[in-house]
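If you read the sequences in order, they're chains Y and H. Read in full-length UniProt numbering, the first sequence has 342 at position 342, and its numbers run on one by one without any break. Read in full-length UniProt numbering, the second sequence has 218 at position 218, and its numbers run on one by one without any break.
Misleading hints may appear alongside valid ones.
Said to hold, decoys possible - Listed below are the simulated DSS-like cross-link pairs for lysine-lysine, each with C-alpha atoms no more than 25 Å apart in a straight line:
#  : chain 1 : residue 1 : chain 2 : residue 2
1  : H       : K367      : H       : K279
2  : H       : K162      : H       : K363
3  : H       : K162      : Y       : K223
4  : H       : K99       : H       : K217
5  : Y       : K132      : Y       : K21
6  : H       : K279      : H       : K329
7  : H       : K367      : Y       : K232
8  : Y       : K223      : H       : K306
9  : H       : K90       : H       : K467
10 : Y       : K132      : Y       : K240
11 : H       : K363      : H       : K279
12 : H       : K306      : H       : K279
13 : Y       : K223      : Y       : K21
14 : Y       : K223      : H       : K329
15 : Y       : K132      : H       : K367
Don't read these hints as lab results, they were simulated from the structure.
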Amino acid sequence: MPDISQQLQEQVLQARSGKEKLSIVGGGTKAFMGRAPSSDAGALNVLNVGEHTGIVAYHPVELVMTVRAGTPLSDIEAALAEQGQALHFEPPHFGAESTIGGTFACNLSGPGRPWAGSVRDQVLGIRLLNGKGEHLRFGGEVMKNVAGYDVSRLQAGALGTLGVMTEISLKVMPGPAASLTLVQDMAMDEVLHYMNSRAAEPKPITAACWVDGKVYLRLSGAKSAVEATAEKWSGDVMEKGEAFWRSVQDMQHEFFADKDEPLWRFSVGSTAATPKIEGQWFIDWAGSQRWFRGTAELGDLEPLARTAGGQVSLFRGGDRSAEVMHSQPNALKTIQQRVKNSFDPDGIFNPGRLYSWL
Amino acid sequence: MTTRPNISKADLAEQFRTFVDADFVITDNETIKPYECDGMSMYCEMPLLVVLPETVTQVQRIMRICHEHGVPVVARGAGTGLSAGAMPNKEGVVLSLAKFNRILHIDPLARTASLQPGVRNLAISEEAAQYGLYYGPDPSSQIACTIGGNVAENSGGVHCLKYGLTVHNIFSVEMVTAEGDVVTVGSDGLDNGGMDLLALLTGSEGLLGVVTEVKVKLLPKPEVARVVMAGFDSVQNAGDAVGGIIAHGIIPAGLEMMDGYAIVAADDFAGAGYPREAKALLLCEVDGTEEEVLEHIVAAEAVFRKLGATSVRTSQSEEERVLLWLGRKSAFPAVGRISPDYYCMDGTIPRRHIAHVLIEMQKMSEKFGLRVANVFHAGDGNLHPLILFDANVPGEFERTEAFGASILNMCVEVGGCITGEHGVGVEKIRQMAIQFNDLELQQFHDVKAAFDPAGILNPGKGVPALKFCQEYRALEYKQHQHEHTEAAQHA
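Can you make the complete structure from the sequences, with help from the hints?
Dropping the structure here:
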């Protein structure tokens, strides 16, 4: 398992002195995300982090693992499974090559996210190459650490615009002893109230979604608790529950099958009414994450998302030369430009990938 | 970074009084006095003046004036902080958020609470209780500390191994920037697009903005919670038992450890019935559904017995559970009774080093001639050594500080950090140079400048000036060499 951090650092330094721009790539499975590179940014050289792989340290009893950023998710999960542990944020695999670095840079978490936390929640520390080619260490391998700003978690969702992560330390957790899924028919306008009421009960619920007129609830934890709750709650026990959630996690569910149609992601209040617009909905995270398939303009959807207490982004497809993320108020835009500048003064990394202005 | 303010105290007060009730622009020394320190009372400073706004617009105007004139601003909640993070700046303003004390809204279905920053941590759970909900993070100071301060410090508490820190339990904050803009960071959604500024702000110790509203996540109150208490005749065995529980696949709601000194002091104080002869005590709380708790209690008892517990007791009722916790929760005042003063440290270490660190700390205790009692969040390796001293004995506080610094250095040496939850503030600013190199510290300074170009928010806290670091590291190095030579001579 090669450590190529020195090589990566040299490439960054070279790019800086040669006034080149770099496109950071891990496994390349999330190339569809973010904006297309701006044409005026000039030629983009690829910085391949996908070769920077390997588990640096793993102490099961500490519930901590440190890995190189290019390590495939499947390698990490295999090592954890040997110890009965797992990544509770259930990262989507968009292919065998999906890496931990890309997952964190895109802040992608699966169906268990509202209960088990996001990838960002589990990150304890990172090593980062900034735009000056400085290899820095932030956070650490312990659960509680408030020394210095939380530069590690700042990277979540930044799409690599602030630097190249080379190492990530994560909190890992024991896998659940038992798990089952309850399914029943339900209309879309009833489901938000239903899912949120269930989530407000002190029961071992770990996923809740709605698609195609059916609501799916997952229970996981101690066997006795899972079974007792299933007995009390309505719905049929699903035979292939695990496979269903896997398809949701990896976006292999048929709802996501048409890769050409624009796919929008609403991140909103869990109980906020679903906007009445023409298209198809997949409601996940007990209402906090809603996928919308349909043709629309970002500018038209933003006010709807705002009314629902949140934001919208163009997750896949559509016009990627325009903005794809929810717009930012001026004061935050200025701060983010300055933050970017503090990490990457020459604008080397992923120019325009997150916002046209970053 | 900072330049001297270009406005006089009188002019500043006059400007504030044009929009803040004159009684709440405090300029006389007698009334300012209570603001001279926070919970870390060894560090004091009198500010220029204290202002208590009651609207966000007032906060905005205060920030604009201070930004324009280069006046330092120290935001303050309940002042319970333990790293002097809210110690005033002598050329600056203390901006107290005490009047922002309203719970704005609780949404039982969405399980959220919108709060002004001056709402006390415990008041959130008390108000949410009617819906069967509560707020997760529960720092020891929860009776008094406020949610705004919790955001500034990324506060944890006894239950954070399972339920997370403040950063894991908030949706959004509204804040006033150093330049006087009001912005909302985060949303009602769980994950927003773009870089995670909310995480960056959490734990930033008042250096990046002034929080004026917080939306937090509420959790359903578990059906049942029970605690298993286990006594051990060595810290080594207790340390191993902590790992044993985790290795068994149980994530306790709380897992706390106390050493011999603390056990006796807490038992004298609370009458909790602790095993007074034990060298170490573990309190392991398990919560969840009835079935789950029963399953895990049986497992935890077995793990403790197998790993050499000399006594095991499990709470049989809610009263007994509360009693067993009472000792732990009153450990600080209890230790306060056996010593004129105590100094509470806060470092985090990888759990596997617990026994080693405690044994080394005992050696240091002998070397410095000061007693130390240990109470800590063993589940997440967060140590709280209490160094006992007498401030009236000349030189004893200095020795205490040196002892404390040695403990923090050891935390870094074993792969941990200099502060788990109390923050850097003024207190640990020197140790930042041990944990971070100059490039990393410069990156922190650059991040700060992105939010606060004029450097008016809580200057001199959190991140040390680089020049200062080189001196400190050189001093530490010399000290280290000296200790090695001494050790060699003894050998």
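We went through each hint and held it up to the structure:
1. As the CA atoms of K367 of chain H and K279 of chain H are separated by approximately 21 Å, the hinted pair is consistent with the 25 Å bound.
2. At most 25 Å may separate the alpha-carbon atoms for a hinted pair to count; K162 of chain H and K363 of chain H exceed this at roughly 33 Å.
3. Distance check on the hinted pair: K162 of chain H and K223 of chain Y sit about 19 Å apart at the alpha-carbon level, within 25 Å; holds.
4. Note on K99 of chain H and K217 of chain H: the hinted pairing holds, with a Cα-Cα distance of about 23 Å set against a maximum of 25 Å.
5. In summary, the hint linking K132 of chain Y to K21 of chain Y is supported, as the alpha carbons are separated by about 13 Å, within the 25 Å threshold.
6. Annotation: proposed proximity of K279 of chain H to K329 of chain H holds, straight-line Cα distance about 19 Å (limit 25 Å).
7. Of the pairs offered as hints, the one joining K367 of chain H and K232 of chain Y is violated, with about 61 Å between alpha carbons and a cut-off of 25 Å exceeded.
8. Taken as a hint, the K223 of chain Y and K306 of chain H pair is honoured in the structure, with Cα atoms around 24 Å apart against an allowance of 25 Å.
9. Only pairs whose Cα atoms come within 25 Å are accepted, and K90 of chain H paired with K467 of chain H is accepted, the gap being roughly 22 Å.
10. Between K132 of chain Y and K240 of chain Y the alpha-carbon distance is near 50 Å, which puts this suggested pair outside the 25 Å criterion.
11. Distance check on the hinted pair: K363 of chain H and K279 of chain H sit about 16 Å apart at the alpha-carbon level, within 25 Å; holds.
12. With a C-alpha separation of about 17 Å, the suggested pairing of K306 of chain H with K279 of chain H holds against the 25 Å cut-off.
13. Distance hint between K223 of chain Y and K21 of chain Y is unfulfilled; the C-alpha atoms sit about 53 Å from each other, more than 25 Å.
14. Straight-line distance between C-alpha atoms of K223 of chain Y and K329 of chain H comes to about 33 Å, which puts the hinted pair past the 25 Å bound.
15. This hinted pair does not check out: K132 of chain Y and K367 of chain H have alpha carbons roughly 45 Å apart, beyond 25 Å.
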